[in-house]
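Build the full structure now, drawing on both the sequences and the hints.
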Amino acid sequence: LKKLAERDGLRIGSAPDTFLGGAHQLVRNLIDTGKLGKITSGTCHVMSHGMEHWHPNPDFFFQPGAGPVLDIGPYYITNLIQLIGPVKQVAAFASIPTTERTISSKPRAGEKILVATPTTIHGLMEFENGAVVTLNTSWDVWSHGHAPMELYGELGTVFLPDPNFFGGDVRFT
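Heads up: the sequence shown begins at 1 in the numbering used here, then just goes up one per residue.
These are calculated hints, taken from the structure and not from any lab test. Keep in mind it's a predicted model, so treat the numbers as computed, not measured.
If you anchor each label on the Cβ, the simulated ranges turn out as follows: (1) 87 <-> 13: 20 to 26 Å; (2) 6 <-> 49: 41 to 47 Å; (3) 134 <-> 6: 37 to 43 Å; (4) 12 <-> 60: 23 to 29 Å; (5) 6 <-> 132: 41 to 47 Å; (6) 49 <-> 81: 27 to 33 Å; (7) 9 <-> 89: 39 to 45 Å; (8) 3 <-> 105: 37 to 43 Å; (9) 49 <-> 17: 26 to 32 Å.
Just so it is clear, CB atoms sit at the ideal spot from N, CA and C, and this is done for glycine as well.
In structure tokens, the structure reads:
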């Protein structure tokens, strides 16, 4: 790709690059300067009630190769890897609580779509440093009170904003 881009005078970019945003780099600095100590565990929550409420053509979100982990999960997982390091192993449970959804956004409001991929996935990642982090993703939740990301270190806890975006508030205790 690099050679093709150079040949044609193009540039290559990729997502997710939001981990380079100020909020996430602030947390990177807290870790690098030892203020959190070793990260031992954490939680991530990507939960809403699905794309059928706002997207004009949400069908593809509910087909194989889609779902919350493959849509928004890469932003969370990329941020975790840049903060904690490589993942050693993973485990997960997945479900399709609702096999049919009703589109409420225009222009297709009222149409039904079939769900052919899990829309609730609860994962567990063990990192090479020994940290264990849960990643809870769901498009079957109307509301929740969890921070998007929380990392727990030997010396403190940090609450991170949604890594789907560059900025946001960081809280550190």
